[in-house]
Amino acid sequence: MIRIRWAAPALVVVLVVGGTALLIAMTGHDVGRALGALFNGSVGSWYAFGSGTLLRATPLMLTGLAVAIAFRAGVFNIGAEGQFVVGAAAGAAAALALSSAPRAIALPAALIAGAVAGSVWAAIAGVLRVRFHVLEVISTIMLNFVSIHLVSYLVRGPLQEPTHVFPQTPSIPVAAQLPRLGSVTRLHAGFLVALIACVAVWWILRNTAAGFRLRAVGASPTAAQSAGRIDVARVTMRAFLISGAFAGLAGSIEVSGVTYALYENISPGYGYTAIAVALLARLDPAAILLTGTLFGMLEAGAAAMQRDAGVPSVVVSVVEAAIILALIAIHHTRQMRRSP
Amino acid sequence: MSVELTAFLEATVRTATPLALAALGEVVVERAGIINISLEGIVLCGAFGALLGATHGGAVGGFAGAMALGLVAAMVFAVFAVWMRVDQIISGTAVTLLAIGLTGTFYRTLYGETGAALTIQTMGPVRIPALADVPVVGSALFNQPLVTYVTYALIPAVWWWMYRTHAGLALRAIGESPAAAEAAGIRPMRMRFAALAFGGMLGGLAGGTLVISQVGTFAEGMSAGRGFIAIAIVVLGRWHPLGVALAALVFGTASALQFLLQALGLALPYQLFLALPYVVTLAALAGVAGRVRAPASLAKADSTL
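Protein chains in written order, with our numbering: chain A, 1 to 340; chain B, 341 to 645.
Isolated chain B (complex conformation) (with noise of 0.2 Å):
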């Protein structure tokens, strides 16, 4: 049993690494005020430029092409969310289908039609000498790959930058009135692009954790999702990087379920845990997204700039 509940464990910390990510950068986009739905094509753009980068220069150039494209595509969705003030909702749509369709046409014009059963070397886990022999905890979460501990610091960074720093208190600002803000002399416009920017780098980063330290290829529309679940993952979490760090677990542990379900040896149809993640989603924010209060200009096209 041991042995099933270490495996349980460290899965769900992987799995909940790449939600993570997506979810901590769309923290700070949803706290200057944008929804961006165009997160699952930022973390799809993230998986295709991986593949990229990985081909060309290793897991460092793949994490750095996973970053770019991501960083591209939220420019995008930028231009017409924040930049054209159009509605937020339809134009994320449009640029997650925008990236479906480019990373499948150009992954399928490169590789070929079936992806010739494409690899990649993933990374494999750093385990950290003493800290991995705590019991039980230990190696589920300090024998993981690299960017797992790089989500472990940047929670508390996006927290210390959030609440800590004037910058911060400015994106905050922006997200409950824009007017007010900028009559206190801030920039809303620029304060947003930045935001997305890094909401892109995050939600690519994810997408680059699939493909180099899960998967090991990259598989049309294998975000599956994901980036929707990181959108949830933020009102689970209240709005607040450590609240969203702790929704994320709680989705890493549904993600799981399915190994540990069936390390036991459960005659349920497999289906019912590949939905189970979903239906988790659903369940949860019925139960938390009444009682949380967004950012007052949460997603208005109109909000004065």
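Chain A on its own, in the form it takes in the complex (with noise of 0.2 Å):
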């Protein structure tokens, strides 16, 4: 798998953003307003700290947690977009399932039902993996464009609006919304449930047998089986579910704390910048606090270059091809240097 260290990283970010704004003017667009916008959408002032970088920060550490914990385990979840819509479908459901419960009931259940549809949904993938030997990429992949069509079909049929006008869901009770910190910005409690899965995972894939069984299955699954007498299938299944749970708690930490509804096209695509995130972090959940933090940041300014210097902010996606690229020819020309 990928190992490089930091060095490698900053030159790539540095590299990439030189890219960027090459493409920006080969595009005809001003390069000056829109790195401007970049900059000030993103880290600008608080408020776009806070209720740009950070609020976008949110659901791509918890995905990019998801991809890490999938791909250290040699499973390429390339589904964690599909994981948080249905995530994000559920957590609505439940919320307004439980529009009379108070907050202690409603808040808990409603993340809990993202996370748990969120593992079912990865769980299918697993299931084709480990019984039928279908490869995860494409059943993962297959998932995400079923999640979408499911999504179209609930806000549009059973979970619509009364006025059945618009295809979303009525917004949820403000007992199952998660409370804003502090009254500067938009940011919720959600942010502090990404930092707080971040730290359990990267301690819990240091210090437990748990996780150096996962680590091991990912490392070489013939030697973990034979050497280290670990039942591969079962890890692997697990590493599904868990990888699974929390981009599907991504889902519904984002209905919860930002949209407060569920309608289509709820993500723009948090759960591919999450490849990214995951990678850039060397894997490494502890990582992912930064990179999450930096694609907030790229995701937070390129709306803002798309407002204000109308730069189609889809230029993301090139960032992100761009910088796994980049890293995984770093790591080749790394690779090319050692071996004699």
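What the hints contain is simulated information worked out from the structure, not anything from laboratory work. Computed from a predicted model, the values in this text were never measured in an experiment. Take these hints with a grain of salt, some might be off.
What the hints assert, rightly or not - Here chain A is said to cover these stretches of chain B; the calculated rule only asks that three of the stretch's residues, wherever they fall, bring their Cβ under 8 Å from a Cβ of chain A:
(1) 428–435
(2) 440–448
(3) 557–567
(4) 605–615
Unchecked claim - Quick list of the computed label-pair ranges, beta carbon to beta carbon:
(5) A:Thr333 to B:Val412: 17 to 25 Å
(6) A:Pro167 to B:His396: 36 to 44 Å
(7) A:Thr333 to B:Trp501: 29 to 37 Å
Stated by the list, open to error - Under 8 Å between C-beta atoms, here's a sample of chain A residues computed to sit facing chain B:
(8) Ile112
(9) Met142
(10) Ser317
Note that beta-carbon positions come from the ideal geometry of N, C-alpha and C, so glycine has one too.
Put the complex together from the two separate chains, hints included.
As structure tokens, this is what we get:
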């Protein structure tokens, strides 16, 4: 897998920012104005940092964590996007069903519903891989498409708001909404959940037997099976379940903390960005705190670039892809230098 | 009923065409031991290339543009997956992401936020006189756009090349054991680049087919998973050109089913039909994947060259 020292990721970020500026110039936009908007929209003010960067970093950290856990176990879960969407749907459904429940019940129930739904969604790919030898890259992507159509059905069918005009659910009750952190920004308590999750997973992977088994299976399933007497199928299945749970939790946190309702396109591709977040962090959960924030900055800045300088926000996908490709290229040259 | 059935069969072959094209290219690539996850991005690039080409040079320019951009995308993937020998799944995913970003950025830059209802003259079906009059399947098979007939010709051609020529044997040898092939005097890296070039052009052509002979316009992300479905089709077709052609028809059926069921007036949510091709892919893979044997060196980044 990908293991690189820290100088390389830093270099990659610098190169990619330069490349982005070039792309912006090539497509005929004002580079100075665009980069200004990128800066102002992400870190230019406390408001931008909280309501822009950290607000978007929250789902990116959790989905990035989902991808990192899976990849560490040798599971190529490209389906964080679908698990996120299904988690958002389940979170919204649970919150709406518990409309008269007190906060102590409604909020945890909504968040847990999201995690469970994400887990179940990932479990489909898990069973297909473990029992039927279906490549999870294909199955998780197929499930992403299914999840999009599922939400499209829900917000036009059983969960649609009462006037039946808009393709979205009604607002979830206040009892199921995450409290804001302070009154200056829109940042909510879900951010703390993401922080705690990253640190907890970092500790578990490093210090527990379960964490060791997960890493061992990812490093070499055959060695783990024969030398470590590890039940590879079981560990693989667990990786799917835990990975899906974090992605699903990210979805229900997005509903409870930001949108307060379910609608189509609730994710601007968080599940795909998560792959770049995890790889840039070298699959280290603690480092995801950093890379998640970095990509949160990028997403918030890109939204501002589109608003203020007319640069299509989809340019972020180019940046993400460039970062992944640059990282694996550096990894490659490093290996070539090492081998005789 | 027979009108609906004819329309259904026509739609089946029409939707199967781009899938068969992309999968046919992917068979050649996978028999050389490379799994090309970037196929999704290649199809998307092909669609965008078709838009660029068709606005300047009509349908011919469109197909040329589609194949050219598909080729470029495949070569980017080849540099990473073949030349650098890095993980094929990660690099393939990244190239797909790159294709989504670049086509989206340039589309919005060139044609504005909404694309301003950009339409391209679609290529109508070409009726083959005697054959199209065969009852039931006649018009389904022989009243199709030109590119479908090209696909018909490519299926046996790829089979013949793969199983009846020396180069085809070399390709299959690389897929089983690059080291043994190299010892026998074959150059695996050169062959893999060539296979990806072919796969890229066919994947691009698949994207071009979507634009020029089906939709008549480009939309961001319009490949909608077809590249990934094509990879699944290769598994279902057991890495054999003829099997792949049959498997593509199965998926064409799943997609065309929505037209038939809508025509029959069934009161089911339409999203069910939209999700059907993906569900069918999952179900079909579950039934087949464990019982077929992939080329031995497939997706192994470290296979010696």
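Going through the hints against the structure:
| no. | hint | in the structure |
| --- | --- | --- |
| 1 | 428–435 | holds (count 6) |
| 2 | 440–448 | holds (count 7) |
| 3 | 557–567 | holds (count 3) |
| 4 | 605–615 | holds (count 5) |
| 5 | A:Thr333 to B:Val412: 17 to 25 Å | holds (23 Å) |
| 6 | A:Pro167 to B:His396: 36 to 44 Å | holds (38 Å) |
| 7 | A:Thr333 to B:Trp501: 29 to 37 Å | holds (36 Å) |
| 8 | Ile112 | violated (26 Å) |
| 9 | Met142 | holds (4 Å) |
| 10 | Ser317 | holds (3 Å) |
In the structure shown, a violation is registered for the earlier hint numbered 8 alone.
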